[in-house]
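Q: So the sequence shown is numbered by my numbering: it starts at 1 and just counts up by one.
Everything labelled a hint here was simulated from the structure, so no lab data went into it.
Treat the hints with care, as some may be off.
Pairwise CB distance ranges, derived in the manner of DEER restraints [unchecked claim]:
#1 Asn128 with Asp64: 19 to 29 Å
#2 Pro39 with Asn128: 37 to 47 Å
#3 Pro19 with Gly95: 35 to 45 Å
#4 Leu106 with Pro19: 32 to 42 Å
#5 Gly109 with Phe89: 18 to 28 Å
#6 Asp37 with Ser6: 11 to 21 Å
#7 Thr112 with Tyr45: 31 to 41 Å
Backbone N, C-alpha and C fix where the C-beta goes; we use that ideal spot for every residue, glycine too.
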Amino acid sequence: MTPTESELAILHLLWTRGPATVRAVNEALNETNQEQDPPEKAIGYTTTLKLLQLMAEKGLVTRDESQRSHVYTAAVAQERTQRSLLGRFVTKAFGGSRSELVLRALGDGQATPEELAEIKQLIQKLENDRTDG
Numbered sequence: 001m002t003p004t005e006s007e008l009a010i011l012h013l014l015w016t017r018g019p020a021t022v023r024a025v026n027e028a029l030n031e032t033n034q035e036q037d038p039p040e041k042a043i044g045y046t047t048t049l050k051l052l053q054l055m056a057e058k059g060l061v062t063r064d065e066s067q068r069s070h071v072y073t074a075a076v077a078q079e080r081t082q083r084s085l086l087g088r089f090v091t092k093a094f095g096g097s098r099s100e101l102v103l104r105a106l107g108d109g110q111a112t113p114e115e116l117a118e119i120k121q122l123i124q125k126l127e128n129d130r131t132d133g
């Protein structure tokens with residue numbers, strides 16, 4: 001199941017902050033919206049509740065109903081979801097070419113020296129793994 005943009009925002013919060021109530025998710029979403037430039041319109045509590053209910057039906061989150069305030073937890077792994085979304089994006093936007101994606105992402109010259117060093121290390125690890133395995 002591919003999450004929508006709104007569902008992905010909620011999943012990101014649950015991945016980084018852990019299980020949360022509807023109120024906590026709603027407050028966090030609105031904090032994030034206020035940090036945007038320009039700030040986005042506030043999201044209503046009932047909108048967040050409905051999104052979480054739909055996400056539970058889709059299997060994206062689980063709901064603990066043992067307390068008065070239901071607690072939601074991400075039911076999908078962050079890495080697996082990112083890998084799936086990236087795979088679809090590479091296929092649709094770059095014709096399946098990972099090198100085109102990387103060239104486009106790095107071609108704008110905005111990667112920091114730290115990011116470039118991390119990318120070089122990853123390439124070296126992938127090359128080593130390929131020759132070892």
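Q: Now, for every hint given, state plainly whether the structure supports it.
A: Structure-based check of each hint:
| no. | hint | verdict |
| --- | --- | --- |
| 1 | Asn128 with Asp64: 19 to 29 Å | 43 Å, violated |
| 2 | Pro39 with Asn128: 37 to 47 Å | 46 Å, holds |
| 3 | Pro19 with Gly95: 35 to 45 Å | 39 Å, holds |
| 4 | Leu106 with Pro19: 32 to 42 Å | 36 Å, holds |
| 5 | Gly109 with Phe89: 18 to 28 Å | 22 Å, holds |
| 6 | Asp37 with Ser6: 11 to 21 Å | 19 Å, holds |
| 7 | Thr112 with Tyr45: 31 to 41 Å | 38 Å, holds |
Of the numbered hints stated above, the single one contradicted by the structure is hint 1.
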